[in-house]
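Q: Dock chain S against chain X, hints included.
Sequence order for the protein chains is X and S.
Here the first sequence is numbered in the numbering used here, starting from 435 and rising by one per residue.
Here the second sequence is numbered in the numbering used here, starting from 435 and rising by one per residue.
Note that these hints are calculated values from the structure, not bench results.
Hints are not guaranteed to be accurate.
[Said to hold, decoys possible] Okay, derived cross-link-like pairs now, DSS-like style, lysine-lysine, Cα gap no bigger than 30 Å in a straight line:
| # | chain 1 | residue 1 | chain 2 | residue 2 |
| --- | --- | --- | --- | --- |
| 1 | S | K462 | X | K501 |
| 2 | S | K540 | X | K698 |
| 3 | X | K462 | S | K683 |
| 4 | X | K540 | X | K567 |
| 5 | X | K679 | X | K649 |
Protein chains: 2
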Amino acid sequence: MINLAEINEAHRRISPYIHRTPVMTSTKLNDLVGARLHFKCENFQKIGAFKARGAFNAVLQVAEAAKPKSLTTHSSGNHAQALAYAAKISGIPAYIVMPRTAPQVKKDAVRSYGAEIIECEPVLQAREEAVQKIIAERGSLLVHPFDNDMVIAGQATAAKELLEDVPVSLNSIITPVGGGGLLSGTALSAHFLAPFTVVYGAEPEGAADAIYSLKTGVVEKAKFIKTIADGLLTTLSDRTLEIIKAYVKDIYLVSDDEIRAAMKLIWERMKIIVEASGAVPLAAVIRQKQHFSGQEVGIIISGGNVDLSAFFDA
Amino acid sequence: MINLAEINEAHRRISPYIHRTPVMTSTKLNDLVGARLHFKCENFQKIGAFKARGAFNAVLQVAEAAKPKSLTTHSSGNHAQALAYAAKISGIPAYIVMPRTAPQVKKDAVRSYGAEIIECEPVLQAREEAVQKIIAERGSLLVHPFDNDMVIAGQATAAKELLEDVPVSLNSIITPVGGGGLLSGTALSAHFLAPFTVVYGAEPEGAADAIYSLKTGVVEKAKFIKTIADGLLTTLSDRTLEIIKAYVKDIYLVSDDEIRAAMKLIWERMKIIVEASGAVPLAAVIRQKQHFSGQEVGIIISGGNVDLSAFFDA
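Chain X with its partners taken away, still in its complex shape:
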């Protein structure tokens, strides 16, 4: 399993390329929840999400050893942009497999970093086949969005900074959970740097797989997928589940209405843009108000990439 030296090394490696994002607080939200909330604002991160950390750590680390001919991944979300950006900075070509149905705005963002998009049918099998084909034909190295120790060590640096920058001891930290890269990295950082800080995950009722995986001990699929938190649809991997089983206390579920309400609260009260997936932890803290009452709570706001055309082009 990843050790503290690897997390420290990841932090040193990526620091010239990422933002040390601020930790923000809101008296109004504290009063509303009855706890003191410390928001680690990864919506201000490069490419608008924490994914820049893991992608940079993986890309810089493989480039240190022997520069790969090219990089590839399949993602329709923030990891696609993150890998494209890290590859560009490192001077390595990147091929990103995206479902042909992905929003134009996301394709444009990936292309703006100079990566080439390979479109495929919007099903997992087609995505994996397309990636295998790129690896075979172009000799590309796969940088998986979360099933990768270098990526997890990179994501762990968000919680490391949070723990270093808050002026108090945190009773708990809560992050969203999709594939589990951020949650497992956070759990490792807390384990090594703040062993009395309890780590929780938060996931949508409409993509509830991590909660069952933690209960049964094996990677489970969600019973159904239907949520506005479009960054949290994937299942865990054996790798992330192993860390989560060891160091995460519990996973909390929230409904889409609760996610939307939490998102609106953050926009209105904190004046910052957070995407639906990034509002999931606050939604969970609000639902579990009694549990978190009186605590110092760290919340990782995972990203801020939102299609604003509905607001501006109405």
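A: Only chain S this time, still in chain X's reference frame:
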């Protein structure tokens, strides 16, 4: 005219009650404009706008001398909330005159700070008569939104902090201009603290009065009023015009389309919520790109109070 000691004293007086808001930068926006922009984020200020500074300075200062029985003002915008909040903290009743047509969300915000709202017809004369009636009947002290030296000295502290916190010498600072409280305060701080920093105002084409007032030397009205920047509709006062004539280099006009585009850029690239009025200076810098090319430019983002229901309740 207000001197440096008064601005320093205002800053000392209000510091326990306001946020020292961050100065943010954006590589993408710098690249777009061809200048280095330093955004003073008053959207993160108490009540969501710089108006908290002036209101607190005035209320605390009059309370130091002899606590007034009550306070009043007429405003449908951020000054109403700011005065209500400062009055609440100081334990003084506040009566806020608002047009009966003001949005419910704004009335709710003022009431949330414990102030009483007196509704009137939505014309200037009715507002002024309502305020006179409150002064006569209840012995209230008027805290004008901008035609007041204590308020201007308070608004001046935003630029004071900006000048103290940027790691470079600013070539220029640009602020929105409505009644001129923020612009005149900014101009005074720059005059005293950074005499080589040139100060500009930015105003909507659909509320273009300051630009004509600066040209003719007397307070002028706009030829017509039609803009999304609803915080910038008022004319200057003799007091603010006098300072602006002495210390402001120029006023730049922008269209509503330019304001909307600048607002969207800030939301999308910086992941922060800024209201239309607060996006006016960036819109002006973009229109005057040639002029600001290569400069270190301070931009005061005046506020972030936006009705988000169009986005969330769609």
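Q: Indicate, hint by hint, whether the structure satisfies it.
A: For each hint, the structure was consulted:
no.	hint	in the structure
1	S/K462 / X/K501	holds (28 Å)
2	S/K540 / X/K698	holds (17 Å)
3	X/K462 / S/K683	violated (39 Å)
4	X/K540 / X/K567	holds (23 Å)
5	X/K679 / X/K649	holds (9 Å)
Comparing the model with each numbered hint stated earlier shows that hint 3 is the single one that does not hold.
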